[in-house]
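What follows is each chain in one-letter form.
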Amino acid sequence: MRFLLRRLGFYLLAAWVSLTLNFLIPRLAPGDASSALQARFQGRLEPSALAAMKEVFGYTDAPLWQQYSSYVNNLLHGEFGVSVAYFPAPVTEVIGSALLWTLFLAGASVVISFVLGSLLGILSAWKRGGWLDSIAPPAFIFLGAFPYFWMAMLLLFTFGFVGGWFPVRHAYSDHLTIGWNAEFLLSAVHHAFLPAVSIVIASLGGWLLGMRNTMIGILAEDYITMAQAKGLSPRRVMVHYAARNALLPNITGFGMALGFVLSGSLLTEIVFSYPGQGYLLYQAVKSQDFPLMQGLFLSITAAVLAANWLVDIAYVFLDPRTRR
Amino acid sequence: MTFFVDLFRNKKASLGLIILATFVIIATFGPLLVRDPTDFLGDPSQPPSARFWLGTTLQGQDVFAQTIAGARTSLVLGFVVGLIVTLIGATIGIAAGFLGGWVDDVLSLLTNVFLIMPGLPLAVVLAAYLKPGPVSMAFVLILTGWAWNARVIRAQTLSLAQKDFISAAIVSGESRLRIMFFELFPNMTSIIVSGFIGATVYAIGAQVGLEFLGLGDVSKVTWGTNLYWASNNQDLLTESWWTIVPTGVCVALVGFALVLINFAIDEVTNPKLRSESGFLRVLAQVGATAGFSTPVAKAALERTPEEGA
Numbered sequence: 001m002r003f004l005l006r007r008l009g010f011y012l013l014a015a016w017v018s019l020t021l022n023f024l025i026p027r028l029a030p031g032d033a034s035s036a037l038q039a040r041f042q043g044r045l046e047p048s049a050l051a052a053m054k055e056v057f058g059y060t061d062a063p064l065w066q067q068y069s070s071y072v073n074n075l076l077h078g079e080f081g082v083s084v085a086y087f088p089a090p091v092t093e094v095i096g097s098a099l100l101w102t103l104f105l106a107g108a109s110v111v112i113s114f115v116l117g118s119l120l121g122i123l124s125a126w127k128r129g130g131w132l133d134s135i136a137p138p139a140f141i142f143l144g145a146f147p148y149f150w151m152a153m154l155l156l157f158t159f160g161f162v163g164g165w166f167p168v169r170h171a172y173s174d175h176l177t178i179g180w181n182a183e184f185l186l187s188a189v190h191h192a193f194l195p196a197v198s199i200v201i202a203s204l205g206g207w208l209l210g211m212r213n214t215m216i217g218i219l220a221e222d223y224i225t226m227a228q229a230k231g232l233s234p235r236r237v238m239v240h241y242a243a244r245n246a247l248l249p250n251i252t253g254f255g256m257a258l259g260f261v262l263s264g265s266l267l268t269e270i271v272f273s274y275p276g277q278g279y280l281l282y283q284a285v286k287s288q289d290f291p292l293m294q295g296l297f298l299s300i301t302a303a304v305l306a307a308n309w310l311v312d313i314a315y316v317f318l319d320p321r322t323r324r
Numbered sequence: 325m326t327f328f329v330d331l332f333r334n335k336k337a338s339l340g341l342i343i344l345a346t347f348v349i350i351a352t353f354g355p356l357l358v359r360d361p362t363d364f365l366g367d368p369s370q371p372p373s374a375r376f377w378l379g380t381t382l383q384g385q386d387v388f389a390q391t392i393a394g395a396r397t398s399l400v401l402g403f404v405v406g407l408i409v410t411l412i413g414a415t416i417g418i419a420a421g422f423l424g425g426w427v428d429d430v431l432s433l434l435t436n437v438f439l440i441m442p443g444l445p446l447a448v449v450l451a452a453y454l455k456p457g458p459v460s461m462a463f464v465l466i467l468t469g470w471a472w473n474a475r476v477i478r479a480q481t482l483s484l485a486q487k488d489f490i491s492a493a494i495v496s497g498e499s500r501l502r503i504m505f506f507e508l509f510p511n512m513t514s515i516i517v518s519g520f521i522g523a524t525v526y527a528i529g530a531q532v533g534l535e536f537l538g539l540g541d542v543s544k545v546t547w548g549t550n551l552y553w554a555s556n557n558q559d560l561l562t563e564s565w566w567t568i569v570p571t572g573v574c575v576a577l578v579g580f581a582l583v584l585i586n587f588a589i590d591e592v593t594n595p596k597l598r599s600e601s602g603f604l605r606v607l608a609q610v611g612a613t614a615g616f617s618t619p620v621a622k623a624a625l626e627r628t629p630e631e632g633a
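In order, the protein sequence lines correspond to chains A and B.
Letter by letter, the first sequence follows residues 1 to 324 in this note's numbering.
Letter by letter, the second sequence follows residues 325 to 633 in this note's numbering.
What the hints contain is simulated information worked out from the structure, not anything from laboratory work.
Beta carbons are placed, not taken as given, at the ideal position from N, Cα and C, and that holds for glycine.
It is possible that part of the hints are untrue.
Here are the computed lysine-lysine pairs in the BS3-like style, where the Cα-Cα straight-line distance is at most 25 Å [unchecked claim]: (1) A:Lys286 x B:Lys335; (2) B:Lys455 x B:Lys544; (3) B:Lys544 x A:Lys286; (4) A:Lys127 x A:Lys286; (5) B:Lys335 x A:Lys127.
Only part of the chain A face toward chain B is listed, based on derived beta-carbon distances under 8 Å [as the list claims (entries may be wrong)]: (6) Pro147; (7) Met153; (8) Leu156; (9) Val189; (10) Met256; (11) Gly259; (12) Ser263; (13) Met293; (14) Phe297; (15) Leu305.
With these hints in hand, go ahead and build the complete structure from the sequences.
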């Protein structure tokens, strides 16, 4: 429990740092962010609404610490301002509808690529120098070197535009409504398939190599030799003795790589016009929608921190040493 | 120096270095030999031909020239950012690991916070508020990229600080700064080189990603802006694959080369990972197969790497 609480404290601190950065960046950047905001909204908001808007962001003449406290207060009350691109929808509403799609796409692909990559890593370390070990690691290093979104563009082009086997945009078919029925779910999976494959291909190599290298270290341990000397089946030695222990450091890496993989999947979403956080981020950049951009930064950070805490909880189950 | 000698003998490193050297040569001399990458030279969206080896863009620009010109801008920024990130990471990592105490607490906490924050959204917010250009881009990449190196180098410092030569330096009254930069720093060559390579891979990839989003200076020719224009011109819809494929392949080849060199460094410094092909060949000659219980034979065949090189 102490371990989990300590981690939680760390995540709260990280959250505080990111929301403070979010507060400071517009104020430290050259140029006046407040008038930039005003220019974006000119003619679309009543002067009184604009003043209220500026206050939400804390752009007042008050001293910096007062701006800061009202900014934090607003955030705590869920006030992220109004989006320019999706005017007059509030930022929270715009982000909320897209968050689920990102969690679905990025979550599923990260888990698939972690499981698949770890399995391949275990197998290639076990049969060191075998055909899998000589093909898979270099192949996936090479594939992993491509930018995520470029891989996405290539898949979209080959299987979407030219092949016509997969839909080329959006998360589900236009004539369906969201619901828990087979048709909708099938359509959602069909739409998520290509983006997910591009994320899996681009990120699998990292997990594979991490797992392979820890496995190789562990296979040299005495208890592996001991297990083999006892005459345990190779499969049992591989899974229960080697892989289980090799998995632990890889899970720590999993938590840390989440932010990186998520960043890549955001760009993948843009290529596929997938209506998640990444697509919104693109819209925000295109229309200079600062409130939306900053809201997205905070919500994505929050998602990564939460995911990391889940990884920590999993870690407690896997590693008895943390349960003290 | 033996580290570099071992590195050049490694097959993976040689392949990586050859690819990398090719790109460096292309980036240095290529732009002098090709047409002006921004000039409107031919018919729009032409597929590759004898005149335009990689076709033309929707604006009638030469894709081949753009790819070559992009190599220069993207690689220069990548290496510069990689170098600065490495220096910052090394300074913070060594300071945290060697000084310990509250300095370590504060620096480690800062490092871990920056490690866990998702880089892309932060970079987007930063880049959107700054004036687009190479300096802003470098600043954004450095701020979002320094933490990993700091963490790795701190860990290495912690283990090096236990060694006798550091105790000797402390006892002989060397100043802390001198120990940090003249005793610890040179003894981490392999970690620092590998950190530099990792940072460069990151810098090139993130830069291409941000520019693809339109957060760079879109009037400049770089690999990222090439892809930005390709996506802006709807080149996928019109099936103009030639504006997309060359740049991506170049980015991937450079990344692949750098990662190969990094694996080679790993193998040179960590003999456990070294390829066993030679060993297996010897075993096959005597008709035996490798098991986990043959470490002695293995050790005899491998040259033992020197300590703390």
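We went through each hint and held it up to the structure:
no.: 1; hint: A:Lys286 x B:Lys335; result: violated (45 Å)
no.: 2; hint: B:Lys455 x B:Lys544; result: holds (14 Å)
no.: 3; hint: B:Lys544 x A:Lys286; result: holds (18 Å)
no.: 4; hint: A:Lys127 x A:Lys286; result: violated (50 Å)
no.: 5; hint: B:Lys335 x A:Lys127; result: holds (21 Å)
no.: 6; hint: Pro147; result: holds (5 Å)
no.: 7; hint: Met153; result: holds (6 Å)
no.: 8; hint: Leu156; result: holds (6 Å)
no.: 9; hint: Val189; result: violated (22 Å)
no.: 10; hint: Met256; result: holds (6 Å)
no.: 11; hint: Gly259; result: holds (4 Å)
no.: 12; hint: Ser263; result: holds (3 Å)
no.: 13; hint: Met293; result: holds (5 Å)
no.: 14; hint: Phe297; result: holds (4 Å)
no.: 15; hint: Leu305; result: holds (7 Å)
Of the numbered hints given earlier, the model fails hints 1, 4, 9; all others are met.
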